[in-house]
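Asks: Following the hints, put chain B in place on chain A, whose structure we already have.
Residue numbers (our numbering), protein chains in the order written: chain A, 82 to 401; chain B, 82 to 401.
A couple of the hints might just be wrong.
Repeated chains share a single entry, so a pair holds when one copy, or any two copies, can fit it.
[As the list claims (entries may be wrong)] EDC-like cross-link-like pairs, simulated, lysine to aspartate or glutamate; straight-line CA separation at most 20 Å:
(1) Lys165 with Glu181
(2) Lys215 with Glu103
(3) Lys215 with Asp110
(4) Lys313 with Glu324
(5) Lys232 with Glu181
(6) Lys232 with Asp110
(7) Lys313 with Asp229
(8) Lys215 with Glu113
(9) Lys314 with Asp329
(10) Lys313 with Asp329
Hints listed in this document are in silico derivations from the structure and should not be mistaken for laboratory results.
If you're wondering where the values come from, they're calculated on a predicted model, not measured in any experiment.
2 protein chains.
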Amino acid sequence: MHAFTELVELFEIHFAKRHFPEQPSTLYDPAEYILRLGGKRIRPVLCLMGNELFDDITQDAYHVASAVELFHNFSLIHDDIMDKAPLRRGKPTVHALHGEPTALLAGDVTLVAAYLELTKVVRHSKKIMQLFSKTAMEVCEGQQLDMDFEKLQDLTLEQYIHMISLKTSVLLAASLRLGAILGGAGEGNQQHLYEFGRKLGIAFQIQDDYLDAFGDPEKFGKQVGGDILANKKTFLMIHALQEASASDRTKLQSLLSSNPPDKVEQVLGIFRNCGVDAWARELKDQYLEGALNHLEDIAVISTRKKPLFQLAHYLIERDK
Amino acid sequence: MHAFTELVELFEIHFAKRHFPEQPSTLYDPAEYILRLGGKRIRPVLCLMGNELFDDITQDAYHVASAVELFHNFSLIHDDIMDKAPLRRGKPTVHALHGEPTALLAGDVTLVAAYLELTKVVRHSKKIMQLFSKTAMEVCEGQQLDMDFEKLQDLTLEQYIHMISLKTSVLLAASLRLGAILGGAGEGNQQHLYEFGRKLGIAFQIQDDYLDAFGDPEKFGKQVGGDILANKKTFLMIHALQEASASDRTKLQSLLSSNPPDKVEQVLGIFRNCGVDAWARELKDQYLEGALNHLEDIAVISTRKKPLFQLAHYLIERDK
Numbered sequence: 082m083h084a085f086t087e088l089v090e091l092f093e094i095h096f097a098k099r100h101f102p103e104q105p106s107t108l109y110d111p112a113e114y115i116l117r118l119g120g121k122r123i124r125p126v127l128c129l130m131g132n133e134l135f136d137d138i139t140q141d142a143y144h145v146a147s148a149v150e151l152f153h154n155f156s157l158i159h160d161d162i163m164d165k166a167p168l169r170r171g172k173p174t175v176h177a178l179h180g181e182p183t184a185l186l187a188g189d190v191t192l193v194a195a196y197l198e199l200t201k202v203v204r205h206s207k208k209i210m211q212l213f214s215k216t217a218m219e220v221c222e223g224q225q226l227d228m229d230f231e232k233l234q235d236l237t238l239e240q241y242i243h244m245i246s247l248k249t250s251v252l253l254a255a256s257l258r259l260g261a262i263l264g265g266a267g268e269g270n271q272q273h274l275y276e277f278g279r280k281l282g283i284a285f286q287i288q289d290d291y292l293d294a295f296g297d298p299e300k301f302g303k304q305v306g307g308d309i310l311a312n313k314k315t316f317l318m319i320h321a322l323q324e325a326s327a328s329d330r331t332k333l334q335s336l337l338s339s340n341p342p343d344k345v346e347q348v349l350g351i352f353r354n355c356g357v358d359a360w361a362r363e364l365k366d367q368y369l370e371g372a373l374n375h376l377e378d379i380a381v382i383s384t385r386k387k388p389l390f391q392l393a394h395y396l397i398e399r400d401k
Numbered sequence: 082m083h084a085f086t087e088l089v090e091l092f093e094i095h096f097a098k099r100h101f102p103e104q105p106s107t108l109y110d111p112a113e114y115i116l117r118l119g120g121k122r123i124r125p126v127l128c129l130m131g132n133e134l135f136d137d138i139t140q141d142a143y144h145v146a147s148a149v150e151l152f153h154n155f156s157l158i159h160d161d162i163m164d165k166a167p168l169r170r171g172k173p174t175v176h177a178l179h180g181e182p183t184a185l186l187a188g189d190v191t192l193v194a195a196y197l198e199l200t201k202v203v204r205h206s207k208k209i210m211q212l213f214s215k216t217a218m219e220v221c222e223g224q225q226l227d228m229d230f231e232k233l234q235d236l237t238l239e240q241y242i243h244m245i246s247l248k249t250s251v252l253l254a255a256s257l258r259l260g261a262i263l264g265g266a267g268e269g270n271q272q273h274l275y276e277f278g279r280k281l282g283i284a285f286q287i288q289d290d291y292l293d294a295f296g297d298p299e300k301f302g303k304q305v306g307g308d309i310l311a312n313k314k315t316f317l318m319i320h321a322l323q324e325a326s327a328s329d330r331t332k333l334q335s336l337l338s339s340n341p342p343d344k345v346e347q348v349l350g351i352f353r354n355c356g357v358d359a360w361a362r363e364l365k366d367q368y369l370e371g372a373l374n375h376l377e378d379i380a381v382i383s384t385r386k387k388p389l390f391q392l393a394h395y396l397i398e399r400d401k
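In isolation and in its complexed conformation, chain A is listed as follows:
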């Protein structure tokens, strides 16, 4: 059994090669660039962990892990174009460096490269291809819903969780399940592991939204209040718009379309007035509990589950 950090190292060794042909370099160097920007490699490692929960890690698992990481980078390249984002991991985005047409194509070849990795899979290849493709569709659906919801006035918490689940959680969940398929897991165990990943992903997003508003600036590493300044719909904002008093709601709505110098402080004040901070911590704990319950329900000996418990507690701070 390997801990998360050991698996990151093992994956990096496998993934460090060049993934694309040399020519045309005008296409493939931009595609290669984003793969070398790093990132935490959570998704491919989840794939390896899903495999190792049930059996020794196979060569197939490295191919699927690579495919998952390639897919993730494909979606980053295209999302950055759609969001007109200038930076990714502190470096210029592919389209900022090479223009949108090349970035679009670089994303396309990265998706195709993911499928080329899958063609190397020897066992369970049909099931792998099907789950991978279903998940790929869902991630695209999530991105579309995210864009649709930007224009929507009244967004319910349920709609938001559905969107977040598609946009971020299903890929985490599927990464685990793809590994489990390779490890020979039965259907029931696969489903529990998938739900563990899906709920953990939602808990992580709630925490991310929470820390953006209430995090310690020194620990968080990002500008606190970034989501507020960008008028982003987050767990906190959606709940506040529903729960705030009539006067606070009016104030919040006007703050969403104006930029006073003390905008962050004013919004945080309203958040605190209606107890959004405590609510978010509670909701995060609920999803974490739900995730851990699914992990408990997987029928393998407890020592095998240890790395996944450790990962959950590493990703999510507990509040009780």
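Replies: Positioned in the frame of chain A, the structure of chain B alone reads:
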């Protein structure tokens, strides 16, 4: 054995269903839209013909044919974004109707849908996936080279043929070969069929460039001189820039960056001066001959080849 037009009908019956889920309709209706704009369905039918050259058409061949048509539409959606094209098949492009972000995602899900069709393939699925993915990469390379060459001053005929081969011919060639794989063809026969398709595609492109300049406006159906007005690099333009007299070359270069009212007539005059028209007809015939020779070299009885010979003669006018 079926003729081309019969196979178009058979394919349309198979392809007429909805390909995407209903929701989110903001994503999937735009993706569905372009599939219903029609088109000649040449690529999927080539896949069926490749199969039938060697054996009865299988259910797998319809899945692969659908995947090929979905891939083609994916590339149209993304190419139209890159080229900022307002129209496709006489109708507004996906991005013109729904904006670039949605069109980008609609293209992405169309590519994933192509792979989902491939997951349904029962026999030879690994070989199919590999050739399909390799071809997908090449088509993207062709599009990148096309954009790179727009900025290039001196383009050789060899470079242009390489680009055209990737951008358009390899998908025609691969469609035939995918079908041949399903029909149980041996490696040698597969290669001859692939080269038949690749050379036929180049002959078709030469003819397309030729008709744009020298075609009968009534028969051609498009504005004659469209490529000239758009300063497009075509077989004719590249050859003329190499072969024209010094004074004609200077004139041609200045016409490429100006728009006098008689631009088309002036360029056509220079084309005729250096015999580009006869040269293009000759080159087209060479590629057609080459294609037909590969078809001759396939080791199956001649009657099986008849639909492919008919198709070649239907697509390409002979000049001798």
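Asks: Each hint should be assessed against the structure and marked as holding or not.
Replies: Taking the hints in turn, this is what the structure says about them:
no.	hint	result
1	Lys165 with Glu181	both (10 Å within a copy, 12 Å between copies)
2	Lys215 with Glu103	between (31 Å within a copy, 15 Å between copies)
3	Lys215 with Asp110	between (29 Å within a copy, 18 Å between copies)
4	Lys313 with Glu324	within (17 Å within a copy, 60 Å between copies)
5	Lys232 with Glu181	between (24 Å within a copy, 16 Å between copies)
6	Lys232 with Asp110	between (36 Å within a copy, 19 Å between copies)
7	Lys313 with Asp229	within (13 Å within a copy, 38 Å between copies)
8	Lys215 with Glu113	between (25 Å within a copy, 17 Å between copies)
9	Lys314 with Asp329	within (17 Å within a copy, 62 Å between copies)
10	Lys313 with Asp329	within (18 Å within a copy, 60 Å between copies)
Checked against the numbered hints above, the structure breaks none of them.
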